[in-house]
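**Student:** Sequences and hints are given; from them, build the entire structure.
Numbered by this note's numbering, the letters in the sequence shown go through residues 4 to 462 in order.
The set of hints was computed from the structure by calculation and includes no laboratory data. Ideal placement from N, C-alpha and C gives every residue a C-beta, glycine not left out. Watch out, some of these pointers could steer you wrong.
Straight-line C-alpha distance at most 30 angstroms; calculated DSS-like pairs for lysine-lysine [unchecked claim]:
| no. | residue 1 | residue 2 |
| --- | --- | --- |
| 1 | 78 | 97 |
| 2 | 235 | 97 |
| 3 | 308 | 222 |
| 4 | 78 | 9 |
| 5 | 295 | 222 |
| 6 | 374 | 78 |
| 7 | 311 | 383 |
| 8 | 361 | 308 |
| 9 | 382 | 78 |
| 10 | 222 | 311 |
| 11 | 295 | 329 |
| 12 | 31 | 94 |
| 13 | 295 | 78 |
| 14 | 382 | 9 |
| 15 | 400 | 374 |
Okay, the calculated beta carbon distance ranges per label pair [to be verified]:
| no. | residue 1 | residue 2 | range |
| --- | --- | --- | --- |
| 16 | 366 | 257 | 22 to 32 angstroms |
| 17 | 277 | 71 | 44 to 54 angstroms |
| 18 | 98 | 157 | 34 to 44 angstroms |
| 19 | 228 | 368 | 21 to 31 angstroms |
| 20 | 56 | 145 | 21 to 31 angstroms |
| 21 | 144 | 406 | 49 to 59 angstroms |
| 22 | 315 | 210 | 11 to 21 angstroms |
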Amino acid sequence: MSVHWKEIVPVDTYEVQFSGYLHHIDRKVLTMLYQPLIGAFAYSLYMTFWCDADMEAPKQQSHQRLMNVTQFSLKDIISSRKKLEAIGLLKTFKRETDESRAYLYELQTPLSPAEFFNDGVLNIYLYNRLGKTKYGEMRDHFIQEKTKMDEYEEITSAFNDIFVSLHPSEMTAGTYSEIQEGSQANLADRKLGNPLSIAFDDFDFELLISSISSFILPKEVITPSIRESILKLAYVYQMGPIEMSRQIQNAYHLHGELTIENLRKEVQKWYRIENNNQLPQMALRTQPQALKSSAGTEPVTEEEKVIKFFEEISPYQLLELHSGTKPAEVDLNIVTYLMLEQKMTPGVVNVLIDYVLKTNDLRLNRSFVEKIASHWARKKVQSVPEAMALARAEQQKYKEWQERKQTNSYKQNGKQKKGARLPDWLKDEESGTGKKEKNSNNDLEEQNQQWLENLLKEM
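**Tutor:** Here it is, written out as structure tokens:
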């Protein structure tokens, strides 16, 4: 886990500028369409930056002042800033010297409503957040049908019908040069919106290119914009390079050209056929590359192997391993809730699922899951090692409560009830001995090792 104070400290300064004009409709789009995706913290930070950029002076502020204004911790500010960057609403630049460190935050204009609902990524995420009914209402609110123009006759006045043309003597060389002066400067034009930026480190684009037949599709057809759409569609629909190359060739063969819209239609058609007309499942996601503690290194210890396992498997695959068959829809809905509502990463979801199943007789009880998830979300757990450490700490508290309950039961009934079976990595007492004292560090290490070995066998 990164230490936030190594990235920014309160005395570091920042400056905010616009990449283009922000209109009142952008405020509405940010509030109603982006806020459900990025959360209230990131939305509040964007609006604060908006106000900062509107202020005439002073241009440079300290992050301490930003903390005072928002009442956010520095860690929350950094986390919210990165959400804005990831969704395409902010670009961050840094200037560092021996004496100081300064940041430049450039606010990006949000997508227009039409672009948002045709984006292919953001609209699907919004659908999962709001549900079918609310999503439909929101879409209808922003995208209204135009009046049929064939019932009307255009009577718009032309420019020369109203305005008198300039006399040649009025169009002097000096006037024209003054009009054009500074035209090459970076004017703050009103942009249509900043496209979503996603890291695609895991997608082998070279393999995709090599698998496309040059007889069917010329390589030059794949322009930079087409390449970006390919990567985005592969991310949303969890497609590998080979399958994506097939859909690219299908789109080109059927339509005679390769456009973003044609490719999107073919990919969506393929996904509906393969997945019984369902939207992409959030449960298929795996831990983001930036949050993988084992990224770029080979695991050595048993615990490192388990951490890597949780980071590289999807919650869907983990449920499939536990059940031995296709996961139930109700279990997948719980996973979607954890990732969308509680904003948990796939790796943390995996730890939670494994913990609940092995402490609850292989049942994924929703109320139990929600109780734990809300606690972990408040702790802002993002990585697998954090989740495993927190689970161990929480299990100790639960163990102490269970012991008190069993003691009371023993006093009342003359015997103790049998406790639930726990993963070895969560145990802190000798199994089956009935002793009250805690295990030594060596015993606990042995139990954790046993759990890791059992999990590796299940893998």
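**Student:** For every hint, state whether the structure bears it out.
**Tutor:** Each hint tested on the structure:
| no. | hint | verdict |
| --- | --- | --- |
| 1 | 78 / 97 | 18 angstroms, holds |
| 2 | 235 / 97 | 28 angstroms, holds |
| 3 | 308 / 222 | 40 angstroms, violated |
| 4 | 78 / 9 | 11 angstroms, holds |
| 5 | 295 / 222 | 34 angstroms, violated |
| 6 | 374 / 78 | 24 angstroms, holds |
| 7 | 311 / 383 | 20 angstroms, holds |
| 8 | 361 / 308 | 19 angstroms, holds |
| 9 | 382 / 78 | 12 angstroms, holds |
| 10 | 222 / 311 | 37 angstroms, violated |
| 11 | 295 / 329 | 27 angstroms, holds |
| 12 | 31 / 94 | 21 angstroms, holds |
| 13 | 295 / 78 | 19 angstroms, holds |
| 14 | 382 / 9 | 20 angstroms, holds |
| 15 | 400 / 374 | 15 angstroms, holds |
| 16 | 366 / 257: 22 to 32 angstroms | 47 angstroms, violated |
| 17 | 277 / 71: 44 to 54 angstroms | 52 angstroms, holds |
| 18 | 98 / 157: 34 to 44 angstroms | 53 angstroms, violated |
| 19 | 228 / 368: 21 to 31 angstroms | 47 angstroms, violated |
| 20 | 56 / 145: 21 to 31 angstroms | 25 angstroms, holds |
| 21 | 144 / 406: 49 to 59 angstroms | 55 angstroms, holds |
| 22 | 315 / 210: 11 to 21 angstroms | 19 angstroms, holds |
Hints 3, 5, 10, 16, 18, 19 from the earlier list are contradicted by this structure; the remaining hints agree with it.
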